[in-house]
Every structure is written in C-alpha cells, then in structure tokens.
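Chains as they are written, first to last, in my numbering: chain A, 1 to 530; chain B, 1 to 197.
Simulated from the structure, these hints should not be mistaken for laboratory data. A few of these clues could be false.
What the hints assert, rightly or not - As a list, the in silico DSS-like pairs of lysine-lysine whose alpha-carbon atoms are at most 27 angstroms apart:
#, chain 1, residue 1, chain 2, residue 2
1, A, Lys198, B, Lys26
2, B, Lys149, B, Lys109
3, A, Lys530, B, Lys26
To be verified - Partial list, computed: chain A residues near chain B (C-beta under 8 angstroms):
#, residue
4, Ile180
5, Ile183
6, Leu433
Treat the numbers as computed from the prediction; the structure is a model and nothing was measured. Where a beta carbon is used, it is the ideal one built from N, C-alpha and C, also for glycine.
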Amino acid sequence: MSTTTVAHHDEHADHPTGIMRWLTTTNHKDIGTMYLTFSLIMFLVGGCMILGIRAELFEPGLQLMNPDFFNQLIGVHALIMIFAALMPAATGFANWMIPLQIGAPDMALPRLNNWGFWLLPPSAILLTLPFTLALFGIGDGALATGWTFYPPLSVQGGIGVDFAIFAVHLLGISSVLGSINIIVTLFNMRAPGMTLMKMPLFAWGWLITAFLLIATIPVLAGAVTMLLTDRHFGTHFFDAAGGGDPIMFQHLFWFFGHPEVYILLLPVWGFIPQILQTFSRKPMYGYKAQVYAFWGIGALSVVVWAHHFFTAGLPVPALLYFMYSTMAISLPLAVLFFCWIKTMWKGSMSFETPMLFTVGWIILFGIGGLTGLVLADVAADAQYHNSYFVVAHFHYTLFAGGIMGIMAGVYYWLPKMTGHMYSEKLGKTHFWLTAISFNMTFIPQFFLGLAGMPRRIPDYALQFAEFNMISSISAFVLGLSQLLFVYIIITCVRGGKKATDQVWEGAEGLEWTLPSPPPYHSFTEQPVIK
Amino acid sequence: MVSSFHVYVMEIKVENNSTSPDQQRKLANKKLGFKLLWVVAGSIAFAIALVPLYNVLCTLTGLNGKTKTTASEISNTKVDESRWVTVQFTSSVMPGLGWNFYPKQTSIKLHPGQVETVLFEAKNITSQVVAGQAVPSVTPGVASIYFKKIECFCFMRQELQPGETKVMPLRFFVSPELPSDVSEMTLSYAFFSADKP
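So here's chain A without its partners, still in its complex pose (with noise of 0.2 angstroms):
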C-alpha cells in the first residue's frame, strides 16, 4: 500500500471491483448489503407465491391450479419468508450495525461471514428448483407437505422433500456460522469501555438469537436427515410400523420451531427501542428490564414447543405444563410492552416513517400476541388448531411483527447506509397501504377461523367466500405495494437529499457518530467509552 493514497484510503478501498468484490468481500457492510438485497428479492419470491394461493381462494372451486401445486406453493412459502426473508434480513442489519454500534472494525470472523452469506443462494434455488423441474417432467414438484415436513406425508413425498430437506441443511449451516461469529463478535470485538450492560439493545437481542440459533438449528437438521434416512435408507425413526413414532418428528421439530419464532423476533425488539427513543427524543425506558426479558423469553422458548400439537394427543399434565409455560412468556412481553409505551410517554414525539412503521408496529404486534394467549388456552385451541385462525395470528406476528418491524428499520438505518434520505412522502404512502391492506387481508381470516375454515385447503364452503374475497384482494393490495418500497429503496440508493451524520435530531449511539454513507473501513482507531 502506497502511503500517498492514504488520505484517499475510504474512498477507494484495495478491494476488486465488479463481480469479484461481491464473492470474495469479507467487508461487514458489503456482506450486510447482500443479505439484506437476498431478503428483498426472496421476500418478493415468496409475496409471489402467496398470491398465486390467494388468487386460487378467490373464489370457492378449483380454478388455477391442481391441490397438489397448491400445497407446494403453501409449503415453500413459509419456507422462503422464514428462512430466505426474515432470517437474512435480521442477519443483514446485524452485519450493517454491530460493528457500527459497538465501536468494532468489522465482525470476527469475515472469511466465516463472506461464507455464511453464499450459501444461502444455492439453498433457495434448492428449495425453488423442483418447481422448474417439474416442468421438465422429472420429479412432482416442490415439497408439499406445508413447511413443517410432517410424517408420514413427508416421508411418502416426492423428490421436492429431499431438495428441502438439503436447502434446510444449508441454510442451517449458513445461519449457524452466522450466529458464531455475532456471538464471538459481541464477546471480543466491543470498544473498550463499552460493557456488555452497556451494549445497544440490538445488539442485546441478537446474542440471545444467536445463542437461540446455535442450540436449536442442529435439532432441525438432525430431524430432517432422520426423515432422510428413513425416506431412503430403510430407517424407521417416524415409521409406526418400524417402531418409530411419527409424534416424535413433531417434538424435534417444534423443538426448534418454536425458537425460530423468537429467533425472527428478537432482533426486531432489539432495534424498535432505539428508534422509540430518537423519535420520542427522550432515553429509553428500562433498558434493564429489557435485557432481563430478552433473557426470560429466551429461556422460557426453548420449554414451551408442544402447544403446537395440543390436538395430537398429548396427556392431561403434559397439556396444562404446555398450556401454562406459553402463557407465561407473555410476562417478559408485558414488560417489552410497557418500556415501550414507557419510552414514548411525554416524548416530544415525530412521526416519520419509521416511527410509523414502530408505532403501527407495536399495535399490530400487540394484536398477534393477544391472540397467541387465545391459542395457548388448551380448550379453546381444540377448536381453532389447523383453522384460519393460526395464519392469521402467526401472520400478526411474523408479518407485523416481522416483517414490518424490519421495514421500519430499513427507513431507520437506510439514510445511514445510503447517505441519501428516502422520499418521505413515499415512505408515509407505504405505511399506510401496508398497514390498512395488511389488516384488510388478515382480520378476515381470524372470522374464517372462528367459522371453522381449515388451512392449507385449495377449496371451501360457499359460506366462507365473501371473507375470502376481502383477503384476496387486499393482499393483492398488499404485495403490490412492496413494488413501492422497491422503488422507495432503488431511488434512495440512487440519490436524493444528502443525509447529515446523525440523520435523525434524536438519534444517538455510535453508528450516528460516522459519517452517511459510512467509509469503508469504520472504527479502525477504537472508540473508548465512558
């Protein structure tokens, strides 16, 4: 390196151009760009699949497409929003932020990272490519069983259970390797002075992710290659007639898919504080207290798995434990509640569109738990398991409490990352279509539940089909205005008004002590903290 460049060394970083930099860059920020890039597009995958179900339940009847082409759009829907658009979405921001907030050049381990990311392409294409086949003749399609691999369908299922089944590998590897790296980040990297009490909230919520990650990910692969061996290597883990016990699938997989839940959430926790207190322009409230809770439902999530099968069985004890550890939960999350009306309380608040995003946010998030504590009821949940009812609170909470949550922190961070604030009005615009289509889509399908309207069904009753026609058309609603946040994205990367260090009058931390855009290579000279 010539030391007359070094004035110049940001600018014009000693890395190739091109193609090469995205494969070989182990640059937190350009890794972070690419997760969060691989999120929207796989977000779009999946909005895609989605309408093509809500435009079969348009109407009652088989009109577009065969029950089976229907299961697999179900299935691989779930699949891609959770794994290819929640999960490296959280992982995006992470990569982007951590070292920004904790005074770190990079993360610990940039070779693992730059490894991390690049398998998550071959698993979607995985996971989407029996759709193609298909089309070939070779093989019946994607995998159908609904993303949960159930036996014994998934273990009679065509070759789309094995691509899963190895895309599900993949992106487990990917998220672990992810998990170690924040975790060893987090450890060693943070600026001098800087105690783990003193941490941001963000970066609070990932450990426990990545805690939640590393020790329940191997419990999903280990349940998967069980079906893979007992698909074709003659085992019978889930086979009643080998002595193997389909039940037993369920428990492996709850036993991480409840987690997953918490994994997808607790980043989001993490970050909606922060922007509470820079709109509300006043500290956040119980920073503590919210630590302990992320704690307390870390914990309490990995107990809890079984109220997903409550109708399979299960005896009476095993039922009320199931029944009153879910409940529970809602205890930490009455704490999260109440910091962040706490936060906002007598702040000179603003509503810009990521405070938008937050408050609606918290809202719809609040609606989602609410209903949860319905289905964790034993008694009431005879009735609603398997009903519309579930898609709509899970939606609740991981399409609002998700998803939104995350699209408030692209507005948040975007300016940040980009150097350019986003068109304002725009943004407002998306909220709000988001908000109203997202609402009109799902309040219907709580009453399909509550009037007894199975899931994962192509055709139903006559009586269900004016609720159908409200979702399916506000989703429609709903998905096409995503093709505005796209657009909102693209032009704020492009250019648009210059954005000061701080971007917002009420943000603080250290990622708003740096420049927008941030230089390349960041905190080289460690920040120390008082």
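We have chain A; now place chain B onto it with these hints.
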C-alpha cells in the same frame, strides 16, 4: 473436522510468537469460534439422544398410548371385583396391505385383574402371500401401561396365504393399579405391511 482443527492448532502455535494486539484478537476470536462449535456439536448430540430418550419416556409413562411389545407375566392375579372397566377394540389397515382386519367383538366389560381372551380376524384378499405387522395403541395414553398383554398376535409378524382367513387371539388383563378415574379405554390396532417393497 479433526484434521482442520489440527491445522488451526498449529497456526495458533505459530501465531503465538507475534504479539501485536490485532493478531492477539484474531486468535481470541478463532478460539471462541471453535468453543461455540462445541455448543453446536452438543445440540446435534442432544437431537440424536432425544430419539431413545423419547422412546424410554413413552414406554415408562405410557405417553402416546404405546404398550409393551413383549408378553407380560400374570404377576398380580388378584381380581378387583369392586369396579368395572370397559375395553373397546378398533382396527385399521394401513395403505399397502391388502387385508381385511377387524375385531370379533367391539368391546368387553371386565374387572381389573381378570384375564380375558378376545379374537381378531384377518383375511388376505390378494392373490399373493402377504405379511403384516400389527401396531397397538391405547387411549387414553395414561392407561396404556396398565394394559397387560399375555399373548398377542402383535408380538410377531403374521403371514397369510392368498385368500386365507386367520382368527388371532389376544389374551390380556388390565392391571388393578389402573387409576380410579379411568373406566373406559380403547385398544386400536393398525396393521402395516411387513413385506419389503
């Protein structure tokens, strides 16, 4: 993995000679990274260990209605004449097995401790020799460990000639230790194909 770990250990030894803070940190990061891999290994081991643990738990407690797959001894023959238990029988034939299979009587009323024999009939309706295996399950699950089979056609696989009809006995008793709130139980048999495909 062992060999790559070895390579890293060697690297660590080499790097120990240099003591710049940057390299020290890299070293510490690698070390912690490998320590976390043990957590991953631990949870893989946990997932595999869950299979036998689950089966042991189910046989011990009778969760999931699993009954023993071997014959029970008639150890406690004291019949508790103060109470009655109704045992219902249901049957099903799983896909891939061309048999008719049903219990000769749908239910029986007996005292705990009383030994009874009930008959099941299976008929091979195909033109081939077919083997099947019956898998029992008791509902409610808590009652399953008190349901004691002395002799059962489900202990081994059954083979039927083309068109053959076989009447198969089940000799059993209900243990007098059956919880007092259980007065009714259902024994369900599912017959699976036991032929190699």
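Status of each hint after checking the structure:
no., hint, in the structure
1, A:Lys198 with B:Lys26, "holds, 23 angstroms"
2, B:Lys149 with B:Lys109, "holds, 16 angstroms"
3, A:Lys530 with B:Lys26, "holds, 25 angstroms"
4, Ile180, "holds, 5 angstroms"
5, Ile183, "holds, 6 angstroms"
6, Leu433, "violated, 42 angstroms"
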